[in-house]
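Q: One line per chain: the protein sequences are A and B, in this order. The opening residue of the first sequence carries number 1 in the numbering used here; numbering runs sequentially from there. The opening residue of the second sequence carries number 1 in the numbering used here; numbering runs sequentially from there.
Check before you lean on any hint, since a few could be wrong.
[Stated by the list, open to error] Under the rule of at most 20 Å between Cα atoms (straight-line distance), these lysine to any residue pairs were calculated in the SDA-like manner:
| # | chain 1 | residue 1 | chain 2 | residue 2 |
| --- | --- | --- | --- | --- |
| 1 | B | Lys58 | B | Pro74 |
| 2 | A | Lys201 | A | Glu9 |
| 3 | A | Lys181 | A | Leu99 |
| 4 | A | Lys108 | B | Arg27 |
| 5 | A | Lys201 | A | Ala14 |
| 6 | A | Lys201 | A | Leu7 |
| 7 | A | Lys92 | A | Pro106 |
| 8 | A | Lys108 | B | Arg30 |
| 9 | A | Lys108 | B | Gln35 |
Everything labelled a hint here was simulated from the structure, so no lab data went into it.
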Amino acid sequence: MLPTFTLSELENDALIEIFNIGVGHAAASMSAIVNEAVRMSVPSISFIPRVEAARLLGAGSGDSGPERICGVSQHYDGAFETEAILMFPEDKSLEIVRLMVGEAVPLKELTEMEQEAMCEIGNIMLNSCVGTLANIFQRELHGSLPQYHVGTSDQILSATAAGSQADTVVLMLHIDFLLEKHQIHGYVAFVLAISALHDLKDQINLYIARVMGQA
Amino acid sequence: MREWLKGTDRDETMTSTKTVLIVDDSRVSRMMARQYLNGLRAEWVIEEAATGEESLVKARHTTPDLILMDVNMPGMGGIAAAEQLRQEFPAVPISLLTANVQTATRERATAMGIGFVEKPITAARIAQLVATLEAA
Numbered sequence: 001m002l003p004t005f006t007l008s009e010l011e012n013d014a015l016i017e018i019f020n021i022g023v024g025h026a027a028a029s030m031s032a033i034v035n036e037a038v039r040m041s042v043p044s045i046s047f048i049p050r051v052e053a054a055r056l057l058g059a060g061s062g063d064s065g066p067e068r069i070c071g072v073s074q075h076y077d078g079a080f081e082t083e084a085i086l087m088f089p090e091d092k093s094l095e096i097v098r099l100m101v102g103e104a105v106p107l108k109e110l111t112e113m114e115q116e117a118m119c120e121i122g123n124i125m126l127n128s129c130v131g132t133l134a135n136i137f138q139r140e141l142h143g144s145l146p147q148y149h150v151g152t153s154d155q156i157l158s159a160t161a162a163g164s165q166a167d168t169v170v171l172m173l174h175i176d177f178l179l180e181k182h183q184i185h186g187y188v189a190f191v192l193a194i195s196a197l198h199d200l201k202d203q204i205n206l207y208i209a210r211v212m213g214q215a
Numbered sequence: 001m002r003e004w005l006k007g008t009d010r011d012e013t014m015t016s017t018k019t020v021l022i023v024d025d026s027r028v029s030r031m032m033a034r035q036y037l038n039g040l041r042a043e044w045v046i047e048e049a050a051t052g053e054e055s056l057v058k059a060r061h062t063t064p065d066l067i068l069m070d071v072n073m074p075g076m077g078g079i080a081a082a083e084q085l086r087q088e089f090p091a092v093p094i095s096l097l098t099a100n101v102q103t104a105t106r107e108r109a110t111a112m113g114i115g116f117v118e119k120p121i122t123a124a125r126i127a128q129l130v131a132t133l134e135a136a
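Same shape as in the complex, but just chain B:
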């Protein structure tokens, strides 16, 4: 199991229908992630946010099972948003989904206990996330 998915007090009673929150200022990236997720799990609920600030609001209303977070966004940015979400929702897996492939960003994700997936968004990368989430 991936380290970042080891939610210590994750609700084991949750149903197979999951909610995924995609946070990305790029509409195209949100659209592509949604398309791949829908193709794999049509029953899953997909929520979107275009900024870190919006992701906080959406997460409080939807309690997602997985949060995919871009890094380089206007406003508070993905790292700060992920830090806050990690505090508010410690059991919810978060993965960066970013073009920022720098070691420093990967290390930051590891230190925060969150995942890291490189862009571009591809069917294979989304399938890997889904498989990892379902195996957790």
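Extracted from the complex, chain A is given alone in its bound form:
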């Protein structure tokens, strides 16, 4: 049985608003990287088991089995502990890197640096998002170096420290980034253990208190 974790309506609203701002900054960073407009859906946030999160991320992959994804993860600790993961379809990875570095780099060299470039894109986007959260919470979050993964969404979620157990609760922040000209979708997920969810909830309540002028 999953551990229970609930948020009040106000806490949930604040959480969505805070992540909305954070992901908005990440989308702006992505737009600067690829030099084109990035459309972003309204974030949907749910607390679900890791296996369910993997199923959601793999949805729409069709009959050919789960879609292969390339992911970049970073572990953060401080105000709360989380594993932040940025995911793109694997077959779009090289295209994204090409958009980042421009036409100047030959394909062979581009292929060689694909993994490293995706790590840097993940580093920029995840730090843009998490850094914004830290600023809103007025606390510091310390990030690890980015890790690169390739596999199905379930394999990627399992590979992260916090997501290694099937019953881990995942704060699933499901957002479509859409690079309009290239029809490339991306997703962000935050994986939090139950104790970290309580830390996050504390930070949300401190934020609400500040907004209400009570702190």
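Knowing the structure of chain A, use the given hints to seat chain B on it.
A: Chain B only, in chain A's frame:
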């Protein structure tokens, strides 16, 4: 003039050719910064280091006019390297060039008297750094 470029005893006789040291563990980021700098000032000398430790060695050999420093790197990291470089080369402008957009990191840079530029690396951001350096 930007506060972080107010080098008190900066050598006014230096020529227009400048040396920039790019410190970043990401080869792609170093490549992009180099590309934008070369596009703006082809005559400038660009040095690279992939770690904070390597940046100390390179700075001692090249005496750069500007150091661009990533923060999150293996080893000693960018903040510790910048602190040491600030002590060894007090007149050399240093700017963090980092994805870490947290207020705490900006405040740390300000306290150290160094600049802060957000990633991603773009032509506009590099142009701003060049303009600021040349105006100093």
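Q: Between Lys181 (chain A) and Leu99 (chain A), does the CA-CA distance stay at or below 20 Å?
A: 11 Å, holds
Q: Does Lys108 (chain A) pair with Arg27 (chain B) here, judged by a C-alpha cut-off of 20 Å?
A: Measuring from Cα to Cα gives roughly 15 Å; hence the hint holds.
Q: Given the hinted pair Lys92 (chain A) and Pro106 (chain A), is their Cα-Cα distance within 20 Å?
A: 17 Å, holds
Q: Are the Cα atoms of Lys201 (chain A) and Leu7 (chain A) separated by 20 Å or less?
A: 8 Å, holds
Q: For a C-alpha distance cap of 20 Å, please report whether Lys108 (chain A) and Arg30 (chain B) respect it.
A: Between Lys108 (chain A) and Arg30 (chain B) the Cα gap is close to 18 Å, so the pair holds against 20 Å.
Q: Does Lys108 (chain A) pair with Gln35 (chain B) here, judged by a C-alpha cut-off of 20 Å?
A: Within the cut-off at roughly 18 Å; holds.
Q: Taken at face value, is the distance from the CA of Ala14 (chain A) to the CA of Lys201 (chain A) at most 20 Å?
A: 10 Å, holds
Q: Holds or violated: Lys58 (chain B) and Pro74 (chain B), Cα atoms, limit 20 Å.
A: Between Lys58 (chain B) and Pro74 (chain B) the Cα gap is close to 17 Å, so the pair holds against 20 Å.
Q: Quick one, are Lys201 (chain A) and Glu9 (chain A) close enough, alpha carbons at most 20 Å?
A: 12 Å, holds
Every hint from the earlier list agrees with this structure, and none is contradicted.
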